[in-house]
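K.L.:
Line by line, the protein sequences give chains A and B. Note that this note's numbering has the first sequence beginning at 1, numbered continuously upward. Note that this note's numbering has the second sequence beginning at 1, numbered continuously upward.
Hints were generated in silico from the structure; no laboratory data involved. Small disclaimer: the values here were computed from a predicted structure and weren't measured. A hint or two may mislead.
To be verified - One-sided and incomplete, this derived list gives chain A residues near chain B with beta-carbon spacing under 10 Å: (1) D197; (2) Y198; (3) R203; (4) L205; (5) I216; (6) S294.
From the three backbone atoms N, C-alpha and C, an ideal C-beta is built for every residue, glycine too.
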Amino acid sequence: MSLPAQKFEIAGEVEPPTNLAPATISRLPTPGPSRAVRALTAAKAVAAAVLPPALMLLILLGVWQFLAGDGAGLPAPSMIWLESKDLILDPFFDNGGVDKGLFWHVSTSLSRVGVGFGLAAVVGIGLGVLVGANVWAHRGLDPLFQVLRTVPPLAWLPISLAAFREAQPSALFVIFITSIWPIIINTAVGVRNIPTDYVNVSRTLSLSPLEHFWKILLPATTPYIFTGLRIGVGMSWLAIVASEMLLGGVGVGFFIWDQYNSSRISDIVVALVWVGLVGFALDRGVALLGRLVSRGSALS
Amino acid sequence: MPKAFLSIEALGVSFPGRTGANEVLADVNLQIDEGEFVSIIGHSGCGKSTLLNVVAGLVPITTGAVILDHSAVEAPGPDRAVVFQNHSLLPWLSVYENVRLAVDKVFRGKKNGRERHDWAMENLALVQMTHAVDKRPSEISGGMKQRVGIARALAIQPKVLLLDEPFGALDALTRAHLQDSVMEIHAKLKNTVLMITHDVDEAALLSDRIVMMTNGPAATIGEVLSVGLARPRRRLELATDLDYLRARKSVLEFLYARHAVAA
Chain A
1 MSLPAQKFEI AGEVEPPTNL APATISRLPT PGPSRAVRAL TAAKAVAAAV LPPALMLLIL
61 LGVWQFLAGD GAGLPAPSMI WLESKDLILD PFFDNGGVDK GLFWHVSTSL SRVGVGFGLA
121 AVVGIGLGVL VGANVWAHRG LDPLFQVLRT VPPLAWLPIS LAAFREAQPS ALFVIFITSI
181 WPIIINTAVG VRNIPTDYVN VSRTLSLSPL EHFWKILLPA TTPYIFTGLR IGVGMSWLAI
241 VASEMLLGGV GVGFFIWDQY NSSRISDIVV ALVWVGLVGF ALDRGVALLG RLVSRGSALS
Chain B
1 MPKAFLSIEA LGVSFPGRTG ANEVLADVNL QIDEGEFVSI IGHSGCGKST LLNVVAGLVP
61 ITTGAVILDH SAVEAPGPDR AVVFQNHSLL PWLSVYENVR LAVDKVFRGK KNGRERHDWA
121 MENLALVQMT HAVDKRPSEI SGGMKQRVGI ARALAIQPKV LLLDEPFGAL DALTRAHLQD
181 SVMEIHAKLK NTVLMITHDV DEAALLSDRI VMMTNGPAAT IGEVLSVGLA RPRRRLELAT
241 DLDYLRARKS VLEFLYARHA VAA
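With these hints in hand, go ahead and build the complete structure from the sequences.
P.N.:
Below you can see the structure in the form of structure tokens.
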């Protein structure tokens, strides 16, 4: 109903300025928003992503501070700052022995995860392809995998200690055995779900098994593989902290256990923040790598 | 008796089912000459795609034989190229790489790298896709994907080109463009083409012969119609051409009067 009325108004307005010079009419507004406006929208987007969690964190810290008071149990945030200032501000110190900054502990743990998870990735993708592509391998191995994958990481530790008799390879084995299952299972699912079209392309071109593997199977399976890798890297980070607690030596898990034994609870809280942030970075890192590698693999 | 270029002889195809064998095709006989454009038309589920897949070697033969240029078809091979309905380009490769993959596979050892590149580009030019060689399949339209699919099929220089409802998923305008392209290419290269379609106009426009299939199960060839229209054919002129209309009418009669199916 309002539309005709508007039209009348416009028609009424257009008629009077016939005496205007054409030059003023032909001037165009600057196309698109200016740089300042774009910077503002970008800043708004960043603020929308950063502010809510920052605010939430402040609230939680406040509640924590209020609840902890100055009791003997869990130290309040202000207490942690006072007690563990050195540990928070300088993660790189090294006083010899196990008295090192958190950076060194975390990097030891990370290198263990790197080796154990790297092996799991190679073996897991290989086994996953085998189980996904071969019916008999699937029938023979899948039930075993389904049972073994439910064994908790730490349950493997005594057995691997008995087998390897040393802390370092035992820790690596626990990482390996924890993170391999999601990699195997997701890879196998990916291989079984390769669209028939791609297989038909491969068949009509008579690609050899090796060509089929590199040019069809692997690219088509990449998104599934990376889902498995992402779950796997998270699980290996879970396992490393726990197994280092028991194995001793260096590493963030050992650090936590060591501080507990010397009643330095504040240091444990700082270490937990490190563990959380590194775990988050690992997860995002693998996800980002997956996006880069499988840039076009999503179905079109 | 001299054999035809592509000969389908007493072909029967059954799939094992829960209640015994499931007979899809029975006693299919068809002779196709070199350079001929033959369409297969029939209702959905009549087994026309199965027939094409048998010629492609993707579906095993139960009885009878398919003989292409004096050798029996038993497995897929690069002497037959398929353009699938859903283009089936590999999404992780660019347009050029999709064609190049096929060219590299078929011409490795026969052409050097430079020649293979030129050959891939030549085929992309044939379907007017040189402007998008670096695009990925997800970045181009459905009609363009199908063009690339055709370029990939042509690039391996197959003895017979198999088109499985190549334009089925396209809108009417794009389909008309592609049909014109296919006619041009066929006029230029004189390929032997076997095309599956459910579009009567498409069959009448493109084909030298239209093979009409009866309804399954155990479908077979009901009738073969020769379309005697002179080439090049132009869709505008054909719209009022009596021979064209007659061909169209007899296919429609076959499909909807004598072999109608409940919708």
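K.L.:
Compare the structure with each hint and give your call.
P.N.:
Structure-based check of all given hints:
The interface hint given for D197/A is met, as the beta carbon of that residue sits about 4 Å from the closest beta carbon of chain B, less than 10 Å. With a least beta-carbon distance of about 6 Å to chain B, the hint placing Y198/A at the interface is held under the 10 Å criterion. Checking R203/A against chain B by beta carbon gives a least distance of about 4 Å; that is within 10 Å, so the hint holds. Nearest Cβ of chain B to the Cβ of L205/A: about 5 Å, under the 10 Å cut. The hint holds.
With a cut of 10 Å, the hint placing I216/A at the interface with chain B holds, because the nearest CB-to-CB distance is about 7 Å. Proximity of S294/A to chain B holds as hinted, the smallest CB-CB distance being about 7 Å (cut-off 10 Å).
In this structure, every one of the numbered hints holds.
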